[in-house]
Amino acid sequence: MTYALEINQLHKIYDNGFEALKGISLKVEEGDFFALLGPNGAGKSTTLGVVCSLVNKTKGSVKVFGHDLDIDVSKAKCLMGVVPQEFNFNMFEKVQDVVVQQAGYYGIARDEALRRTEQLLKQLSLWDKRDDASRNLSGGMKRRLMIARALVHRPKLLILDEPTAGVDIELRRSMWEFLTRINEQGTTIILTTHYLEEAENLCRNIAIIDQGDIIQNSPMRELLKTINTETIVLELQKPLAQAPQVQGYRLLLVNDTYIEVILNQGQDINSVFVALSAAGIQVTSMRNKTNRLEELFVNLVTSNKTDLKGVSA
Amino acid sequence: MSSYEIYIAYSTIVRKEIQRFMRIWVQTLLPPSIIMVLYFIIFGNLIGSRIGQMGGFDYMQFIVPGLIMMSVITNSYGNVVSSFYSTKYQGSLDEMLVSPMPNWVILAGYVTGGVARGLAVGTIVTSLSLFFTQLEIYNFGIIVLVVLMTSILFSLGGFVNAVFANSFDDISIVPTFILTPLTYLGGVFYSIDLLPDFWAGMSQLNPILYMVNAFRYGILGVSDIQVGYALLVISVFIIALFSYCMYLLNTGKGIRK
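Protein chains in written order, with our numbering: chain A, 4 to 316; chain B, 1229 to 1485.
Think of the hints as simulated: they come from the structure by calculation, not from any bench.
Small disclaimer: the values here were computed from a predicted structure and weren't measured.
Virtual Cβ for every residue (Gly too), placed ideally from N, Cα, C.
Hints are not guaranteed to be accurate.
Here are the simulated SDA-like pairs of lysine to any residue, each with C-alpha atoms no more than 20 angstroms apart in a straight line [to be verified]:
id: 1; chain 1: A; residue 1: K228; chain 2: A; residue 2: D271
id: 2; chain 1: A; residue 1: K97; chain 2: B; residue 2: V1242
id: 3; chain 1: A; residue 1: K97; chain 2: A; residue 2: R113
id: 4; chain 1: B; residue 1: K1481; chain 2: B; residue 2: L1325
id: 5; chain 1: B; residue 1: K1316; chain 2: A; residue 2: R138
id: 6; chain 1: A; residue 1: K97; chain 2: B; residue 2: Q1247
id: 7; chain 1: A; residue 1: K62; chain 2: B; residue 2: T1479
These stretches of chain B come out as covered by chain A in the derived footprint (C-beta under 8 angstroms, 3 or more residues) [stated by the list, open to error]:
id: 8; region: 1233 to 1240
id: 9; region: 1321 to 1330
Here are some, though not all, of the chain A residues that point toward chain B, as calculated from beta-carbon distances under 10 angstroms [what the hints assert, rightly or not]:
id: 10; residue: K15
id: 11; residue: T49
id: 12; residue: C55
id: 13; residue: C81
id: 14; residue: M83
id: 15; residue: N91
id: 16; residue: N93
id: 17; residue: V103
id: 18; residue: G107
id: 19; residue: I111
id: 20; residue: F181
In isolation and in its complexed conformation, chain A is listed as follows (with noise of 0.2 angstroms):
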């Protein structure tokens, strides 16, 4: 099978003796939607920089829909679209000219360049701006002018590097929608990202990253089924002195009119209603406490930590 993305046992060590990468090896399938997640100074940015040759290997192998990085290089560029982290286009270049310039980089004319970037830069709401010097848009325009840029020349695989850092939430929520579609028509696009709904709603697969090695990577669905509890935090219509008893499940008062109920694998709220509405209680609203996917990454996250103090101690 040929996967979009193939990483061997990969390793970055820099100049100054750090090791950002410790030997990680990923496969991303074909059309997957993808997240990386992991802390800051993980090793995702590395990861990518690599996969982009921003950054130089030390070791270990990368291939992109089977085109080694190190034999077919070319062509493995010209399979992918980067969108970075950082704005890093000339501010001073005209929205339109800074699209219609990489598509010239990959060999583009510039005629058929000119009409996929009208395409495109109506697409993502920015075909008014053509004429703007890039440095003029606001942060979420950017963005979506980072989008454009990398697929002008209509890449197979995505890579977006923290794509919705900064974007406000109606932007944020454009931007899925846009991605989404993208990646039903074909696009592998693999994510990194620090909201964690994002890479919940959007992605199929995930791998965390953490400290330079691979702590977790399995199906989206597989791996929140591994949550063995859940917090739902209760707003009550009147003020209470204490948490209610509901028998088999934990209660807690967080001030006199939320309650946290957390619930265990295969127990259900339904109980906890009956049982508050018996004993008078009105609830006025419910939340989960935290996105499930937060909840367990920063679980693994600390277990990792813990780990390596154990292995160093």
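With chain A's structure known, arrange chain B on it following the hints.
This is chain B only, laid out in the frame that chain A set:
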């Protein structure tokens, strides 16, 4: 990439580079023109009339080829160093590095941009010099060859400087402390025949001397250096610098992490 795609990639960089220095012509084309006019007035007309002849020509006629060459050198170098460094500084160099474009195309594109600005300024300065003196062309082929080779050489030099530069200060150190002194001591304003033997010999270590003299030969037909030897020296420098630039690009020194 096919040859046609490589051509498109190359012409994209060249177009971008030419548009850049044309867009900011007040910073790129106007200042060297004003400076050269001042040189023509002060050194050519005011002081030159008292100096008399140099190398068998009016002093003004003698210094014009050197001044044209000086503007070609500084502008070819300055264009590449400032453009490539700001590309690196803003991160937009990544746009090229993630593309399938071969490294030599990136280098060729920037060097062509430097040559284009060097030739544009050289043409403007040559046209302005005609208001002050008459220029007779002795060998047009030599003129074109020398000016092209010189601007290629200094564009490559600017590229190396930009790769190693870590701040905007770094891109002005070489022009200020190396390029300008070498240019002034490169026979722009005098014939090395005027120097004592020791300093005449030392001058021959200065590569700019070869370019200025070869160019002067193309215009006036006189040179302190044999033209064939001068062309050989320039060629050796071009090959050495080109190889070094390719080494830097291929290994990613100063460019990739």
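Hint check results:
no. : hint                  : result
1   : K228(A) <-> D271(A)   : 15 angstroms, holds
2   : K97(A) <-> V1242(B)   : 17 angstroms, holds
3   : K97(A) <-> R113(A)    : 16 angstroms, holds
4   : K1481(B) <-> L1325(B) : 13 angstroms, holds
5   : K1316(B) <-> R138(A)  : 17 angstroms, holds
6   : K97(A) <-> Q1247(B)   : 12 angstroms, holds
7   : K62(A) <-> T1479(B)   : 15 angstroms, holds
8   : 1233 to 1240          : holds (count 6)
9   : 1321 to 1330          : holds (count 9)
10  : K15                   : 9 angstroms, holds
11  : T49                   : 8 angstroms, holds
12  : C55                   : 5 angstroms, holds
13  : C81                   : 5 angstroms, holds
14  : M83                   : 7 angstroms, holds
15  : N91                   : 3 angstroms, holds
16  : N93                   : 5 angstroms, holds
17  : V103                  : 8 angstroms, holds
18  : G107                  : 3 angstroms, holds
19  : I111                  : 7 angstroms, holds
20  : F181                  : 21 angstroms, violated
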